[in-house]
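Q: So you can see what is in the structure, the chains are spelled out below.
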Amino acid sequence: MSLDVLVCVKRVPAPGAKVPLTEDGRDIDTRHLGFTIGPHEECAVEEAVRLKERHGGSATVLAVGPPEVAEQVRYAIAMGADRGVVVDTGQDELDPQATAAAIVHALGELDARFDLIMFGNESADAGHYQVGVRVATELGWPIVGGIKGIEVTDGGVRLRREIADGSEVYQLSLPAAVAVKEGLNLPRYPSLPGRLKAKKAKLDTISWQPPPGGLRKIRLRQPEEKRADSVLLGHGPEAAPAVVDVLEELGVC
Amino acid sequence: MTDTSSAQRKLPSTADVVVIGAGIVGNSVAYHLAEEGWRNIVLLDKGPLPDPGGSTGHASNFIFPVDHAKEITMLTLDSMRQYEKFGTLTTCGGIEVARKPERVEELKRRMASAKAWGIDAELITPQRVAELVPFVDPSILLAGFYTPSCAVVDPLQTGALMREHAQKRGALTVSANTEVLDIEVVDGRVRGVRTDRGDIATETVVIACGVWSPRIARMAGARIPLTPAVHQMIDVGPIPELAATGTEIAYPIIRDMDALMYERQSGADLEIGSYAHRPILHEPDEIPSIEEAALSPTQLPFTEEDFDPQMEDALELFGSILNSEGAGVRHAINGLLSLTPDGSPLLGETPEVKGLWSAAAVWIKEGPGVGRMLAQWMTHGHSEIDLHGADISRFYPHQRTPAHVRARTSEGFNKTYGIVHPREQWTSERQQRLSPFYSREKALGAEFFEVAGWERPQWYESNRDLVDKYGVEDRPHEWDARWWSPIINAEHLAMRERAAMIDLSAFAQFDVSGPGAVDYLQRLCVANVDRPVGRIIYTPLLDANGGFRSDLTLVRLGPDKYRVITGGADGARDRKWFLDHLPDSGVSFSDVTSAVCTLGLWGPRARDILSAVTEDDVSNEGFPYGTAKEIVIGSTPVLALRVSYVGDLGWELHAPFEQGTKLWDAIADAGEPHGLIPAGIGVYGTTGRLEKGYRLMGAELESEYDPVEAGLALPKVKSADFIGKQAYLAARETEPAALLCTLTVDDHTSSAGIARYPQGGEPILTEDGERIVDSKGRSSYVTSAGAGPSLGKYLLMAYLPPEHAVEGRKLKVEYMAEQYPVTVARVGRKPLFDPDDTRMKA
Amino acid sequence: MLLLVVQVDDHPAWLDAVQLARGLTDDVHAVLFDASRADELAKQGIKAAHVVEHDVLSDYAPEAYGEALAQLVGELQPSGVLAVGSEKGNEVMAHLAARMRAPFAANCTQISGTGRPWLITRIRGGGMLLEDAEMDAGCGVFTVQPGAGTGAETPSTVDQVDVRRFTPDLRDELARTRVIERTEREAGVSLATADVVVSGGRGVGSAEGYRVLEELAELLGGAVGCSRVATNNGWRPHSDQVGLTGTKVAPKLYIACGISGATQHWVGCMDAKAILAINTDPDAPMVTRSTYSVIGDLHEVLPAVIAEIRARNASAGTSG
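Residue numbers (numbering that gives the first Met the number 0), protein chains in the order written: chain A, 0 to 252; chain B, 0 to 841; chain C, 0 to 319.
No lab work stands behind these hints: they were computed from the structure.
Heads up, a few of these hints could be off.
[To be verified] Think about it this way: if two alpha-carbon atoms lie no more than 25 angstroms apart in a straight line, the pair counts; the simulated BS3-like pairs of lysine-lysine are:
#, chain 1, residue 1, chain 2, residue 2
1, C, K87, A, K17
2, A, K147, C, K247
3, B, K661, B, K717
4, B, K829, B, K840
5, C, K272, A, K196
6, C, K87, C, K247
7, B, K167, B, K9
8, C, K272, A, K147
Nothing here was measured: the structure is a model prediction, and the numbers come from that model.
Extracted from the complex, chain A is given alone in its bound form (with noise of 0.2 angstroms):
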């Protein structure tokens, strides 16, 4: 059985120990700070792109946001993907609902139809955990989230779910959605051929502006930091019944 899968990614900061904001606190600072797709939806991108290559049928990348999400695109494309979406709302950053109506939007203006849409469980950088399941609500198509494992049966997906104290099975009838977190696959770095491919690869662009959504974005800030002076136990084996003190002392030991 072929599957058509369109994967939705988004175009995310990819900062070092600290996140640096800019003056106004509005956003964050990304003058020296390269972009990325999230773990989330590179697991999601080599899931479409090993569907695609165990059953046949075909894998596109949606990105929705400034024109330079192409750049995401194109790394998905990259990794294998056949085809590439832009959905270009603008530079300002959209909340959940207005990125959803986007994809809405998106997949009416498109002449494909797709089996199976992945998501990344929440965006790396935003975290609203939302987005799937708002486009899957509006297409009437079930979607679970949290999802560490795929599996194509026929008419329909086997999806496995890791929670606390083990593991959960959900079968869906396609056409589905699904948001997957890390830990589905371990993504495969995108080869010479395949970043020469995603080059010259022609994106579908669809320009579109969302209505806005309720929540509005007033400034970021970064967390104060309870930092007390880190106690020094001792400098290499010499220092074990220290450690071990402290370990009786929290009562761990």
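Let chain A serve as the given structure and place chains B and C on it in line with the hints.
A: Chains B and C in isolation, oriented as in the chain A frame:
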């Protein structure tokens, strides 16, 4: 374990020296200072150890030892010995490959440099390249330049070991995660360093901060003229063939020179680096902090579009493994490195602040050697390897401005792997310093070359008809003829026949005066400067070791007043040397370079011309050779010096800068009936000079050779003490290890049947083609090369050990992988042309 | 009135949600998917509990949960609905908000205002940043970030919780996303709930290198964790990964061995009561942010610690 948690670390309140920056350079400086006997050394870095986040942490860490520049090659070889000693060097070999015919020529030129500097290398066929590195597609290659001693090194580990050694000596305190907030300067001298962990009082600070160096130097009011620039690197893997080797590097590194990129194995990956993309410059102030950066401050986000063309080049050469199943781009960065206006490092004490030293713009391949040389310099005032090309004081003020740095580094970036002609001129930032003769010269079709920002005519198109008149032959090979014209030789012959006027306004000129002037200059100069007023004194300046620091001309203008005239190329370094030794009182020093223009007038008709425009006595009796006096030309007061660097009768005419055009016109008009021509620096700096055997600072003269070897020892040693006197006396007492000789090329015909002309830097070989090395380990190579039109010979200068420094001795020069017969025509200073100087003393 | 969804996945942080809700109003009702928890509510000051009952809700079914809540909201018209910002709490609230076509703020640490607008603070990037935002909604939909509460007891005047039944009208089709199979994890300590987590990063060096961490974890009755580097290198399964895209842990003691402490990892372990960092680099972020530190190679330090524990256990055995 000597490191402690940052919270518990205390900085000493005083230090003999504070080294800022714990990359390979800072570690090496600290280590070698400790070896030189320094104690109470503090090494700071804003970042953590062992990798503080600078360029040392992400560099590709390979070393190709061969460079056309001797200074850089010597620093590299010294560094390789140190890496080897620390056990952090792995020899893997390296091959520079050519895709284009011009590159094959360049590889042949590299063979000459390899031989000159004593590095084993060979030209190999594409098939041999593919035998050594089986993944390369030989069908797209024309040749390879194989250096078996190429190596990869571990600079982080080396740095850690260097710190450990210095700490074991009890000489070093290391403080990571320590930010420098300010450098305290009082009366132009370093007094202390302020950090976020406390203040340190010190008189000596070394800035070894790589791309951050300009920012740190600015705290002290000094400029370190470099710019951070991007060098793109990607890692592709895992590649089964590489993984199968089970080692970090099993195959020689490939430099794909025409694609301006390199490929090296790194474990299971192939690391690809590029110097082909557009220059991407950054501001030192804009480099992100360690916390803000995703990877490290000097590993910036990869800009894919810049790398795309190189990816295709890499696939072409390494397609067989880059297409491997499962191999992907695992890591891709825009790595920052330091670029300087002329591509050389920035070493030495800054001209602005005493006690503030720069050790910046250094590559991994030079790091340990730079540390050792700088430590010697800081300790003894000189170093084993002559560092004049890297001396930070070589720059004039305009060359230290951000605009200049940006323009020149942008232009220079793609030269990293480029084919750079030794005479190649810059195109950016030109017309910075114009002599008053410039508009006249331009009208005459001058071809301008630059020195120290000055535009100087190299030759004049207006003289082209002289080429036929004198029957000057062109050079048949494009490389030899590049940045050259037969007009130079024609101008030379016209000067010898009639007279020529030459713009020398690029001279750096200083006035030294006051009651202490004589003593001050005696201390700096080898020659006795206490000569009668009006005398011209040529003198070497030595460092304490007896090597050349400079050579220049003094004019005694009065009992307590001298004019110092030195070359434009070295003027900024000389200025610092003079200022460094200036006493607290009794001598005043002023730089009059920008106030004085200079026009040379030489040739058998020079006296006729000059006497036509002045009423002053310019006869041989009235104005003998070797003297100077004030004369008037029209209404222009002129300081006239009866000297010559080209070997003909004549004068240097020094005039107020703003009256320069009048001077030019007066001489040109008076010269017309005598057949006076304008001549360029091609005559002054090369043909005229070589015929007369005059030595040039930076070519023949450098700190690694002494005046005896250069043939510049004076007949008598003055009684006054001077810097380097002990070494000079010792050198006079011992048999020199080498002597500077002038050689003639006996046959220019190449295997292709055309005449070829060595350009300088080539090895001099025995008749059997063996390298010649003197007892001090210095090899013989061509220090200057050029035509001697009046001799009908092509001349080379080279130091030769005594057994070869014999007039008439047959030797060879290797040029473009072919050997040409040469003969030692002169040992020592006596000119080949007009050996008794009758012409200029006429 | 605020509606508090107590039970989605029985996450202990529901008390944080109670505190945020009680901070806004005393009029808080609970939603339960089974009546057994009703007794705990009175002392939290919750007046009423709505027990939602339907065959389709026999096991976790996010769509059906969302639809049932939407119907309850339609009937009760609360000013807001809160749940715990756990994975499933967020999933169900997303379904609720999508059905209501209303905005939803996930992982809030503060909520104030009255709905026109709500003023909220929520976490981004797993806690790397805080976001202040406004939300226009007649009925606000929120989840509360675990740990956002003050931890203090909220005074209660409620003696008896008013338990009401609510049976939504759910089409069978909504069972399509219901759990069809469950597997209990094998016996042993779970990473998410262990009192001690012995975690290793790049410094461990290899898959084999984790043996010494496993040994210490077993000795302390704890679990082994790892950083993303270890997962990407294939040294440990992703289920061991602590961090933004792995498991968030809050043990009594987190022992970080050879972990430098990148943000992606830090947000996964920062809620530990104490952190012991073992690292060769005294300036690694994990060391400077730790409670206790040992500077040294973990492969030398851990065996010594294990030997010390064994020695003390042995002497306690003989003397006792």
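Q: A separate judgement is required for each hint: does it hold in the structure or not?
A: Now the hints, each set against the structure:
With a C-alpha separation of about 29 angstroms, the suggested pairing of K87(C) with K17(A) is violated against the 25 angstroms cut-off. Annotation: proposed proximity of K147(A) to K247(C) holds, straight-line Cα distance about 16 angstroms (limit 25 angstroms). For the given pair, K661(B) sits about 42 angstroms from K717(B) by alpha-carbon distance, which is inconsistent with the 25 angstroms threshold. Restraint check for K829(B) and K840(B): satisfied, since their Cα atoms lie roughly 15 angstroms apart, inside the 25 angstroms limit.
Between K272(C) and K196(A) the CA atoms are separated by roughly 50 angstroms; this puts the pair beyond 25 angstroms, and the hint is violated. Straight-line distance between C-alpha atoms of K87(C) and K247(C) comes to about 15 angstroms, which keeps the hinted pair within the 25 angstroms bound. For the proposed pair K167(B) and K9(B), the alpha carbon gap of about 18 angstroms is at most 25 angstroms, so the pair holds. Distance hint between K272(C) and K147(A) is unfulfilled; the C-alpha atoms sit about 29 angstroms from each other, more than 25 angstroms.
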